[in-house]
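Produce the complete structure using the sequences and hints provided.
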Amino acid sequence: MSAAAPALARLVDQVQGARRAQAALEIVGGGSKRFYGEAPRGEPLALRELSGISSYEPEELVVTARAGTPLAELEAALAAKGQCLPFEPPRFGPHGTVGGMVAAGLAGPARAAAGSVRDHVLGVTLLNGRGELLNFGGRVIKNVAGYDVSRLMAGSLGVLGIICEVSLKVMPVLPASATLRFLLEERAALGRLDEWGGRPLPITASSWCDGSLSVRLSGARAAVADAVRSLGGTVLAPALADAFWTGLRDHHDEFFGAARAAVAQGAALWRLSVPHGAGPLDLPGRQLLEWGGAQRWLYGGAPAAAVRAAAAAAGGHATLFLAEDRSAGVFTALTPALARIHRALKAAFDPDAVFNPGRLYPGL
Amino acid sequence: MHPGASAGAAAELARLRAAGQPPLVAALSAVLPPQALQWREEELAPYECDGLTAYRERPLCVALPETDAQLAAVLRVCHALEVPVVARGAGTGLSGGALPHRLGLTLSLARFNRILALDPLARTAVVQCGVRNLAISEAAAPHGLYYAPDPSSQIACTIGGNVAENAGGVHCLKYGLTLHNVLRVKGYTVEGEAVDFGSAGLDAAGLDLLAVILGSEGMLAVITEVTVRLVPRPVLARCIAASFADVRSAGAAVAAIIAAGIIPAGLEMMDKPMTAAVEDFVHAGYDLGAAAILLCESDGTPAEVEEEIDRMVEVLRTHGATRLEVSADEAQRVRLWSGRKNAFPASGRISPDYICMDSTIPRRRLADMLIAIEQMQHKYALRCANVFHAGDGNLHPLILFDANDPDQLRRAERFGAEILELSVAFGGTITGEHGVGVEKLNSMCVQFSAAERAHMLAVKRAFDPAGLLNPGKVVPTLQRCAEYGKMHVSRGLLPFPELERF
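As you go down the protein sequences, you meet chains B and G in turn. Convert by adding 1234 to the 1-based position in the first sequence; the result is the number in the working numbering. Convert by adding 885 to the 1-based position in the second sequence; the result is the number in the working numbering.
FYI, nobody ran anything at the bench for these hints, they're computed from the structure. Careful: at least some of the hints might be erroneous.
[Stated by the list, open to error] Subject to a maximum C-alpha distance of 20 angstroms in a straight line, what follows is the list of computed EDC-like cross-link-like pairs (lysine to aspartate or glutamate):
#, chain 1, residue 1, chain 2, residue 2
1, G, K1059, B, D1247
2, G, K1071, G, D1004
3, G, K1059, B, D1353
4, G, K1157, G, D1004
5, G, K1059, B, E1277
Put into structure tokens, the structure is as follows:
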């Protein structure tokens, strides 16, 4: 680890300096997800120097990389060994980093089948607000020694500390894949997804928008071929299918392009997370559904209160993913008990409120 | 210790217990019906220990609330009186996580035993914490669904206990741990305030507190209700039993299967002594001449299973399997598994007592560990039989001894501690799925630095400022680690070269 030692030492100095000056630090990886969350504040603290894959053992299904490692570099190293990050993290541009991926905690089309970012975190080296470097978790798949602090870092948006290095569980790329398309209205599409979800089918992604349902099947060749025969629908050409799911994953398809254009005109792009089995949500605007209906994207002019109420009524929550006006709050408000635990954890990790203050919730 | 000092300590404890019990019983009597409160010595005896029977304590009293309102009231009483609370499910835990606190309350959740909802379309079940693991799968079976994590105690253990320990099982590599199969946990804070972690959806707003609640061994909140994910039951499962002439080639075969891009539904290893013990118990027809036996399971559609079995057979052959048996039907598959599933009772037959270890190491070190354990058997003059969840590197060495001989117990504990220390040195962890509890407190000093342990205690205080939920478990005090005197083994990104210790 000697290669990383000077960069780590500089980071510790910067954190100690900020503490003494009672200043805030904005933790910056590649800057590709800077739009996400509440407005960033503080002096930028770049992690680019803290870069590189420190160990990768394909037969262990574990990779360890420093925070500033470009996500593209990590994915290329895995692909060279026939492996991947099964949760398909979105790449909003070419500069995203491994640390940013974990801190944002966003997963792509495979989430419902493959699990979340958090599900694949095995361990972290964390720099806390006292300037202490701490290791939690490890590089093995089963590990219950002490509290699972490492997985708490996934999706924490940097408010607890700096993820310096992370170990992730990786998986083999599935040998075969096919995408089916069906013309169905929303309710019928959701019904179909719920029914299929209860059968042992190798569905690894699904998406519905504008009357068109797309379903990706991946797994053993025989399993995919069987499922294609039993489900019907139109088989998409492989190149088209790849482009479709990549566009969805990285938000550069037609839907997200139109959403960004609408956001520029004052609309908001919402991400709603609701239970499987929830029916259509009656909200004005255009919707795209993923994860078997458990993730719904919405853009248009629906008032924030209406969006949040609809999500809550369905048993979920709504995030203001992209908008000029974020006065409604980016994340759904916490109950008093959870808010108290959040504040106490923040104080435990970062007593001087150095890291990304307010990025997750105002005052946190 | 000076005999007088220990007699003095015992007298002081008796005085504290005598002083603490009446006010606690009086206050709880006001919020619980009589049948939900036990405090007479004969009533307390069954709660003395959990699955780790070497450690025993009696609580001041046992509360068995039947409703959420009663449970919240019990917590408020204990909070006001500053009485420690130890939550308890079925008491099957193997690390002493439910060991009572001698000046505390044992909170039995046995009566929270109802399945509240099962939604086949959403593939979720909402169950109270005292529902048994296997009962969930039984309730889901008519819908072709099941709850995937299957710890070997699944007939008896409760989902609340599974959440507290982040329990595993033999299918974790493919289907995940409890962590990957729980969506939401409802419970109460130490103050008796209702709180929800996670959501019925796939994520929740804010920090992922559910991730830290899972595996927190009852130290952060009291769990009352769990929403679990159900998954479709595979159409078919088949198992291969492969014999190897030496442990190195068995270990290499495990790595080769994974490297070939196969994620088996189960991948287990038994060494020769364990195979002999289980064969004598279940008569499954295992190869008694093998140095190690691998059990490799494939599940899915018939075509998928056939494809995967063929690929695994090929890998096993090229890596030196001396004998291969592939199950042709369900009866044969169950027979192949019967020995592995009975490893613990079989060990109980060949030895008066055993200690079951639970560390995890990188898969590539499996053979190194088996060889090291072989040498430790001579060093401690005790036998050890081994079963591994080879697919995820989780070891269960069973150290055989006779507890009637105090020196054997002492040697067995040192034997176990050395396995854990070597596991950490190999880049692994002291516990893969059984938890730290009280059993592995000393070994936590080896795996974590003082700052890391202090940070864990800070996490506990964030949830439980007064330190009343299951105090004294999981995270050892600085003083305890100083007394244990073992060097912390650094892992991962090392702080600074000058701090490196080897």
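* With a cut-off of 20 angstroms on the C-alpha distance, tell me whether G/K1071 and G/D1004 pass. => Between G/K1071 and G/D1004 the Cα gap is close to 18 angstroms, so the pair holds against 20 angstroms.
* Does G/K1059 pair with B/D1353 here, judged by a C-alpha cut-off of 20 angstroms? -> Given pair G/K1059, B/D1353 holds - Cα atoms ~13 angstroms apart, limit 20 angstroms.
* To do: For the pair supplied as a hint, G/K1157 and G/D1004, confirm whether the alpha-carbon distance does not exceed 20 angstroms.
  => 45 angstroms, violated
* **Hinted pair G/K1059 and B/E1277, Cα distance within 20 angstroms** => At roughly 43 angstroms apart (the allowed maximum being 20 angstroms), B/E1277 and G/K1059 break the hint.
* **G/K1059 paired with B/D1247 [C-alpha distance capped at 20 angstroms]** => Between G/K1059 and B/D1247 the Cα gap is close to 42 angstroms, so the pair fails against 20 angstroms, i.e. violated.
When the structure is compared with the earlier hints, violations turn up for hints 1, 4 and 5 and for no others.
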